[in-house]
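Whole structure, please, built from the sequences with the hints as guidance.
Residue numbers (this note's numbering), protein chains in the order written: chain A, 1 to 392; chain B, 393 to 730; chain C, 731 to 1072.
Take these hints with a grain of salt, some might be off.
[What the hints assert, rightly or not] Each pair of labels, with its calculated beta carbon distance range:
id	chain 1	residue 1	chain 2	residue 2	range
1	B	D716	A	S65	40 to 46 angstroms
2	A	M1	B	D716	29 to 35 angstroms
3	A	W83	B	G406	29 to 35 angstroms
4	A	V26	B	A698	45 to 51 angstroms
5	C	G779	B	S626	23 to 29 angstroms
[As the list claims (entries may be wrong)] No farther apart than 27 angstroms at their CA atoms in a straight line, the calculated lysine-lysine pairs in the DSSO-like style are these:
id	chain 1	residue 1	chain 2	residue 2
6	A	K53	B	K568
7	A	K52	B	K535
8	A	K300	B	K685
9	A	K52	B	K568
10	A	K217	A	K383
11	A	K52	B	K685
12	A	K153	C	K998
13	C	K998	A	K142
14	A	K189	A	K53
15	A	K53	B	K535
16	C	K763	B	K535
17	A	K142	C	K948
18	A	K153	C	K948
19	C	K763	B	K568
If you're looking for bench data, these hints aren't it; they were derived computationally from the structure. Each residue gets a CB set at the ideal place from its N, CA and C atoms; glycine is no exception.
What follows is the residue order along each chain.
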Amino acid sequence: MATNIIVPHLGESIESATLTHWYRQVGDTVTRGEEIADLETDKATLSIECPKKGSLLAVLVEPGSEVHIGQLLAVIGEPGEKWHEESITPKHEDRATSQIIPAPDSKVAESPATRRRRQVSPLARRRAQALGINVDLVTPAKGNRVKAADVEKFAVLNAQSVIVDGTEIPGHRVPISGLKKLVGQRMLKSVQTAPHFSVTVKVDARRLMAVRDEWEKKGQPVSMTAMLVYFVARSLPSHPLINSRFDDDHILVFDTFNIGVAVATTDGLRVPVLQRAETLRLAAIDTQLKAVVEKARLGKLSADDIADGTFTISNLGMMGVSQFSPILNPPEAAILGVGAPFACYIPTKGGDMRLAHIMELTLTSDHRVLDGADAARFLATLKENLEACVID
Amino acid sequence: MSVPVPTEPINITGVKPELLLRMFQKMLEAREFEEQLYYLFLTTEMPGTMHQATGQEAVPVGIVSALADDDYVTSTHRGHAHCIAKDVPLEGMMAEMFAKREGICHGMGGSMHLADFSRGMLGAFAIVGAGIPIATGAALSAKVRNSGQVAVSFFGDGGVNEGTFHEALNMAALWKLPVIFVIENNQYALSMTVAESSALANLSARACAYNMPGVRVDGNDVVAVYRTAQEAVSLARNGGGPTLIEAITYRIRGHARFEASAYRDKAEVTKWEAADPIERLGQALLAEAVATKAELDAIRQEAETAVSEAINYAQGCTDVGPEDFLAYILDETGGSHA
Amino acid sequence: MRKLNMAEAIREAIWQAMEADPSVILLGEDVGKFGGAFHITHGLLENFGPDRVWDTPISEAGYTGVGIGAALTGLRPIVEYQYLDFIFCAMDQVVNQAAKIRLMSGGQASVPVVFRGPQGATGRAAQHSQSIEAWFMHTPGMKVIAPSTAYDAKGLLITAIRDNNPVLFIEHKLLYGAASPGGGKALADTSIVDIGSDVPEEPYAIPFQSADVKREGKDVTLIATMLMLHRALAAAEQLDAEGIDVEVIDPRSLVPLDMDTIVASLSKTHHAVVISEDVTRAGVGAEIMARISEEAFYELDAPVRRLGAANSPIPFGPASEQNVIPQLGDIVDAVRRVLNED
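Here it is, written out as structure tokens:
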């Protein structure tokens, strides 16, 4: 097999040389160790030694040419052997430079702790966090370093009294749980960013309640909330703007109607979502709703369970509330608050009085997306559908 | 004062032909190992470095030919030939050069730290002089265990000036330990000649300071080295203590790869190339009809093939992984329970 | 049970190891005929003979290498340095050879050698007074052991001899006991609470990487080695009277280091002082503090403090030497500072 003669390493930081002389020519037999050419660098003259016995098949560089490391100079092999050009570029011998290990991040040029600055020990910080105390409010007993004992003392002091406007009123501090804090932040943001307005409509729930009883008698009890989800999902498609969100200078209108249902749990408020509710029949809505409410109560909701809501229903009716104006569930453009049906007598067309079960529904909307007329129109459709209560 | 180049024919009288041919073969394997690697290093990716012993093969081969398989050897950064003389497998050595897991040191040591404890090769030590007291310790151990083993410490003309040379030779002679100290005087310690670094250029003469025999021998005459070694081994095994052997040879290549040796006269190198230990043995074998030219050429070819096959084998082995080293830092296999 | 001082306990460990295992040998200067400069090894040559107990010339590098060569070929040598300051003459053999042979050979060989000797400042000036732990804690491939009581010394030395790796076994001159030179001075040092301890007659092995809580407490943790351990205990007694409850931990082995015990202690006390006799800069204290920072940062109610020797060669004059080495008062002050940061 043919052997390539290439330009070897020439020494520290030398990349090229000049080939000055060939000692042998094509067709000559050469032996191992024999000098066959000279290379000149600016430091020295080096000889190319033949690495293997054979016949010089090819000489590829003219004397006087500049050559670089790895360049093919000549080929040795059996007389008449075929060969093809391959250039091998040797890596630089100093492998260490090609594997640069980044210097450890020791440039932590901390300014020396100034004695005057307030410092908090790691333990103190941990204690404060566990107790729900803002460690910045804790004064150190000595000097300017807050220690765990200082935090404990602060906790005890503040358990005994709450200072409000300069007077002391007995009370105690209740830590705010993670979820509550989160919900609070979201509600604050919601109110601060979206201009809220609420529109209320009274719906006669007579037929709703009758259908519900029918289903129960059939052995397929469904909840009022499930029925509301069903009818909202069927009312929204003709009012697509309700099922949307404000997005800078656009309104994102969604094609599916993923209805979230607000659930009160011991931790706080959670809103599991029924995806594509418009495609679900009432029985399916009820089943899914029951399942997801159970999960919420057990604290087992997954991220998927609460994702991608486009509209929310919040039903306080089961707690006896007649009417309320919910806060938008951001980033949704609208939310429906549901009150309990209230039995009363209303005048009929004929002038008689008849029994009705009046349920007040309140739509809170984002005025950047919807105006009063939009809200009213949607609620009119919803009212019509609820009062007709046709279920397929 | 330059050392005369030895050109006399080698006297092979009384040495068995099998041993002579084996010495010829071993020297060729050592030569091929160094030379084939030399070209590889120049042109391709090879991790680490190498220090060639080209031209010096007769010293390790001659000395180790006088040893038993379980005798100990310590070596240096220029140690490939010591391993080959000790029958360390070429594949394992080559895989180690290429930093492969299948290397004799699992890729953890490389060229300068080759070792094969199963063959008494206690390791190459890259700190000059470090192996000298360690070989002495192996000899002490042999004495304490009464095993009859002998230890050989190989080092160069540079190593004689390390403090450990002095300390070890003193203890070895004091306690009559079965150790043989072999100076491979290749006349250069990187750029420094013997005359430039040793106040007494006759290195073997230092033996008298330790009350032990000191011998000078033509290090390019493998049979002369062998005969000298035999005497020293016999003395050591019989409780007679250590010997200091100074073998005069020549470092044909530079100190390490890419080292151009500009401090040397090219003419000097050429003169010593004419005293090639392999050629000298070959000529003696032909002259005394111990072998024909064809037989010697066959051995040459075998050695060349063995080494190039070892290279192919090594290139196909597994690269050392990033966490391999973790297993070798400490020995937690349990220790003794005395 | 009988009480032994540390010198006697070490001697017993060596004796029992040599009896049980014929591959254990001893090398060092004046260890045989003379019985050792600190009388640790007296009687061993007479009992075990010159093939087991070797009086060496003054050749630390050489005889360390001899020990290593013997360890590579079937023996388990104990290599003694008359003063551990002299191990520096053998640095290459210890650091470049013994600690690295196993890795370089790809696990073919182990180096079961024990390097041992006395250290500590005793009025003998800079070259006979150093504490050398950190040089070798920084060397991978070997272990570093630093006992502070006779009981610990015997058990740890037996473990060291049985270990297949190079082990540096460090002894403190002032803890050897009355029988050894310097021992008398130790007894006069009122900061030493107890020199001798109850030592079982039979051989026993204390595992490495097991720190010992020598005193329980709940306000602050002192981590101290060798002589400093005894000063820490004395400081604890003094602070007890002030109502400060001090826990004292003796790491016993520096490499490998038992951090679990230290972290558990900090979970209780939240304050720590590390005390070592070696030079403060890049010393034992630096390593332990770094480990505490990595593994117990959130337990800390104050920065960890360390005490060590001043960054100076040890001076001869007694007042200067005392000022360089941490004293009882320094430890008490450090505890007060760590508890009352200002």
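To see whether the hints hold, each was checked on the structure:
{"no.": "1", "hint": "D716(B) with S65(A): 40 to 46 angstroms", "result": "holds, 45 angstroms"}
{"no.": "2", "hint": "M1(A) with D716(B): 29 to 35 angstroms", "result": "holds, 34 angstroms"}
{"no.": "3", "hint": "W83(A) with G406(B): 29 to 35 angstroms", "result": "violated, 51 angstroms"}
{"no.": "4", "hint": "V26(A) with A698(B): 45 to 51 angstroms", "result": "violated, 32 angstroms"}
{"no.": "5", "hint": "G779(C) with S626(B): 23 to 29 angstroms", "result": "holds, 27 angstroms"}
{"no.": "6", "hint": "K53(A) with K568(B)", "result": "violated, 51 angstroms"}
{"no.": "7", "hint": "K52(A) with K535(B)", "result": "violated, 48 angstroms"}
{"no.": "8", "hint": "K300(A) with K685(B)", "result": "violated, 89 angstroms"}
{"no.": "9", "hint": "K52(A) with K568(B)", "result": "violated, 49 angstroms"}
{"no.": "10", "hint": "K217(A) with K383(A)", "result": "holds, 25 angstroms"}
{"no.": "11", "hint": "K52(A) with K685(B)", "result": "holds, 21 angstroms"}
{"no.": "12", "hint": "K153(A) with K998(C)", "result": "holds, 19 angstroms"}
{"no.": "13", "hint": "K998(C) with K142(A)", "result": "holds, 22 angstroms"}
{"no.": "14", "hint": "K189(A) with K53(A)", "result": "violated, 84 angstroms"}
{"no.": "15", "hint": "K53(A) with K535(B)", "result": "violated, 50 angstroms"}
{"no.": "16", "hint": "K763(C) with K535(B)", "result": "holds, 20 angstroms"}
{"no.": "17", "hint": "K142(A) with K948(C)", "result": "holds, 21 angstroms"}
{"no.": "18", "hint": "K153(A) with K948(C)", "result": "holds, 19 angstroms"}
{"no.": "19", "hint": "K763(C) with K568(B)", "result": "holds, 19 angstroms"}
Checked against the numbered hints listed earlier, the structure breaks hints 3, 4, 6, 7, 8, 9, 14, 15; every other hint is satisfied.
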